[in-house]
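Make the complex out of the two chains shown on their own, each in a separate frame, by following the hints.
Same order as they appear, the protein sequences are chains A and B. Basically this note's numbering = 1-based index in the first sequence + 81. Basically this note's numbering = 1-based index in the second sequence + 1.
Treat the hints with care, as some may be off.
[Said to hold, decoys possible] Taking CB as the label site, the calculated pair distances span: (1) A:176 / B:92: 29 to 39 Å; (2) A:246 / B:211: 40 to 50 Å; (3) A:146 / B:2: 28 to 38 Å; (4) B:167 / A:199: 51 to 61 Å; (5) B:65 / A:201: 54 to 64 Å; (6) A:317 / B:32: 58 to 68 Å.
[To be verified] Residues of chain B placed beyond 10 Å of chain A at every Cβ, according to the derived structure: (7) 20; (8) 54; (9) 106.
Keep in mind the hints are simulated off the structure, nothing from the lab. Virtual Cβ for every residue (Gly too), placed ideally from N, Cα, C.
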Amino acid sequence: MIRKTLIAAATLATLANGAFAQDKLRIGVEGAYPPFSFKQADGSLAGFDIDIAMALCAEMKRDCELVEQDWDGMIPALKAKKFDAIVASMSITEERKRQIDFSAKYYKTPARVVAKKDSGLEGTATGLAGKRLGVQRGSTHQCYAEKMFPEAEIVLYGTQEEVFSDLALGRIDAQLSDSLISQESFLSKPEGADFAFLAGDHTDVDCYGEGVGIAVRQGEEELRDAFSAAITAIRDNGTYKTVNDKYFPFDIYGGRPDGM
Amino acid sequence: MDLLIEYRSQLWAGLVTTVQIALASLFFSVALGLIGAWAKLSANRTARALAGAYTTLVRGVPDLVLIMLVFFGGQVTLNAIGAATGLWDYLEVSQFAAGALTIGVIFGAYFTETFRGAILAIPRGQIEAGISIGMSRPLLFRRIVWPQMVRYALPGFGNNWLVQLKTTALVSVIGLQDLVYNAFAAGRSTDALFTFMAAAFVIYLGLTALSDLGLRALERRYSRGVQRA
Chain A
82 MIRKTLIAAA TLATLANGAF AQDKLRIGVE GAYPPFSFKQ ADGSLAGFDI DIAMALCAEM
142 KRDCELVEQD WDGMIPALKA KKFDAIVASM SITEERKRQI DFSAKYYKTP ARVVAKKDSG
202 LEGTATGLAG KRLGVQRGST HQCYAEKMFP EAEIVLYGTQ EEVFSDLALG RIDAQLSDSL
262 ISQESFLSKP EGADFAFLAG DHTDVDCYGE GVGIAVRQGE EELRDAFSAA ITAIRDNGTY
322 KTVNDKYFPF DIYGGRPDGM
Chain B
2 MDLLIEYRSQ LWAGLVTTVQ IALASLFFSV ALGLIGAWAK LSANRTARAL AGAYTTLVRG
62 VPDLVLIMLV FFGGQVTLNA IGAATGLWDY LEVSQFAAGA LTIGVIFGAY FTETFRGAIL
122 AIPRGQIEAG ISIGMSRPLL FRRIVWPQMV RYALPGFGNN WLVQLKTTAL VSVIGLQDLV
182 YNAFAAGRST DALFTFMAAA FVIYLGLTAL SDLGLRALER RYSRGVQRA
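If we strip away everything but chain B, and leave its shape as in the complex, we get (with noise of 0.2 Å):
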């Protein structure tokens, strides 16, 4: 325990860390997310094509590759051609925008899926309907997709999120010092692991409760047409 108080600015540190990666992927991936589900739907063949070549991919590959083919072989190929052109010796890759975006980019396939079925299971009668009292385009995604769409999502939402957060665990590959290689670098360093360790499964506890309870919110608030007196 004092272990843990000597080297709480550590931890705290590798906090701040995760969470700002975790938010920032999770930025990335609805985006991503959204524009996939749309892609899919769409009657755009090349749209449907990319979106499905994304997710096919993506999913296909584990995580940790992914990273390290995204920040080293990126970082390889940056350096190739600034070799080639001469224009520039080695520019550097930043380790949060990369760990974020590719983070982003892996569970943006997930969001994909999870958009794409809540589009789906809205009534297809609604739509009509919309389009024949003459709605436009962007008022019948807002009052007719939009609320029903979060309704269906949240609970696939929900799941990729927590997997999301944890996920967030593989950038220390990169270099990137969140919570779980600060608890392990201290640990190793302290020859206290398990102190470290446990303390860090704590945090994560912590963050997933915090998560579920602003999830239960926003069911709440996005099922009050439907909900049961």
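In isolation and in its complexed conformation, chain A is listed as follows (with noise of 0.2 Å):
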């Protein structure tokens, strides 16, 4: 019976690679997500998930196609073969990986400690003892900091948006919340022009998850680990500093797989 079992398994196996060494990728994208893709006026897809796709592809040497899906209906549609992977800003979480397999992350966008520019503070469990620190109530980052700073004075706000007004009040020595979000709607707005980062990303897996990775169908080993190996190259010759910089004023991948 077990034998029969593993025939059956091998000759799929045999089916699928077969179809996978000669067909195109299918890759599904989503195209309402900017900066990570969006639609050009001509209809076009464009953005970061979009260039990685693309990148990706070509360090496989693999001819690629992308596949506009609705966000909707993304996981449905990778399980009934409309698309081999995807690619699509989509957090590797443990409910979807009951469903689906995902490769190593190609991004995990950093969360980051953000003060005034001549603070002199440094983003660090010292460096930020007994100083009052702004989170958002509930959030990953609510998490890491109870962690990682034990000796700050945590404030805990309702949104996002209380904690970076309280911090341009003054009402709080610094805030930790998502890099991009900092940059985007605080560091790059008038309010926020005395601010600046802290050094030190902060990517614990425990309290922000795995990141951002590239999902197949389960039992797809090879083609996700295809796709682990390129977003590797693609890290280590420079083509994803290229994309990364086309969108990001700074790098989004947040450090080795491992952590820190």
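Spelled out as structure tokens, the structure:
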């Protein structure tokens, strides 16, 4: 019985691999999540996810076709073989892992501490000891702040906007949140002009998860590993940096996959 | 406004898809509705049971669930058959056909009831009179049943059609780029969601207004014999 199952599985695997080797690789993308993926006026797709997908295809020497898919049908379409992989800023979560497999992360916007430019603070446990550090209540950042900065006085807020406005008013010394959000909604605005990131990316897996990966169907280890290897390769050869710098003022990869 | 002009080809492409899906599915649902109404009123017990099961099932399940079930479930089933028989590895189910067919099947159930009610509204005596003077079945249908059925069915038909037109927005979930999908994508991409949603609103309003005009013309035509002077 077991042997029969094994033979059947092997046959299926051969069939699947046969198709895998010759066919175009179809990649599911979104198109309504700027700057990661968005539509230009002529209907063509652009954005970080799109460029990364194309860079990975070039690295794997595969012929790729982008398939636009509404977010709600993304995972069902992958499972129904409408396409072979998803490159659409999909966070790697335990719940999704029960249905699909993920490559290594291809980005994970790090959390960073923001403080006044001339504060002289350091974004470390000792550097923030006794200082008032603002975070959003119930967020991944609260989890991390309590873990990493136990001696800081942690001030909780209902929304991230309140954290920013109290930082601007000087009611807190620093705040911890997603670097991309800090950049887009605070540092690049007039009220954030006197503020800057403290050194250090925070990407703790326990609090922040594993980041954003490329999804493939379960059992397609070969494709999954090819993506993971290609991500490492474009990190090393500078392609990733070129794409990254086109959209973001800092590296959104967020450090090595094992955490810090 | 400039953004709308910049993205006009997107809005236009979306509008064309929406209208195509709506008309194709209308064709399916009217055909299914006529067959369903015939089955429900027929003397054949199996036909009645089948039609009853169809309308009960389809009208009892949310549209979105059915669309995902037919499209993704259908594809998974196809893949499984292909894998089991070794005949194919992957057969593409056309999104347009799947979308139009599924919406057609859903609204066919509503049209079944609309047509059934319309046929029941025709006085029984007229049909008996037709039979008694020796009209054949097709002639009876053409001269007596059809013209009156259409007249009775038109208000319900208009209702169904307007709902059907708007239900086509659900096809974006299976990857079709209809008006709502394109407007949403353009709105998110340009950070002007409200502008594009407002544009979609106006376009839908235009489509329903046009439909209204058409329906009123049809109603006039099929009421000729009974209009008051």
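Verification of the hints:
no.: 1; hint: A:176 / B:92: 29 to 39 Å; verdict: 30 Å, holds
no.: 2; hint: A:246 / B:211: 40 to 50 Å; verdict: 49 Å, holds
no.: 3; hint: A:146 / B:2: 28 to 38 Å; verdict: 35 Å, holds
no.: 4; hint: B:167 / A:199: 51 to 61 Å; verdict: 57 Å, holds
no.: 5; hint: B:65 / A:201: 54 to 64 Å; verdict: 56 Å, holds
no.: 6; hint: A:317 / B:32: 58 to 68 Å; verdict: 60 Å, holds
no.: 7; hint: 20; verdict: 18 Å, holds
no.: 8; hint: 54; verdict: 26 Å, holds
no.: 9; hint: 106; verdict: 19 Å, holds
In terms of the numbered hints stated before, the structure departs from none.
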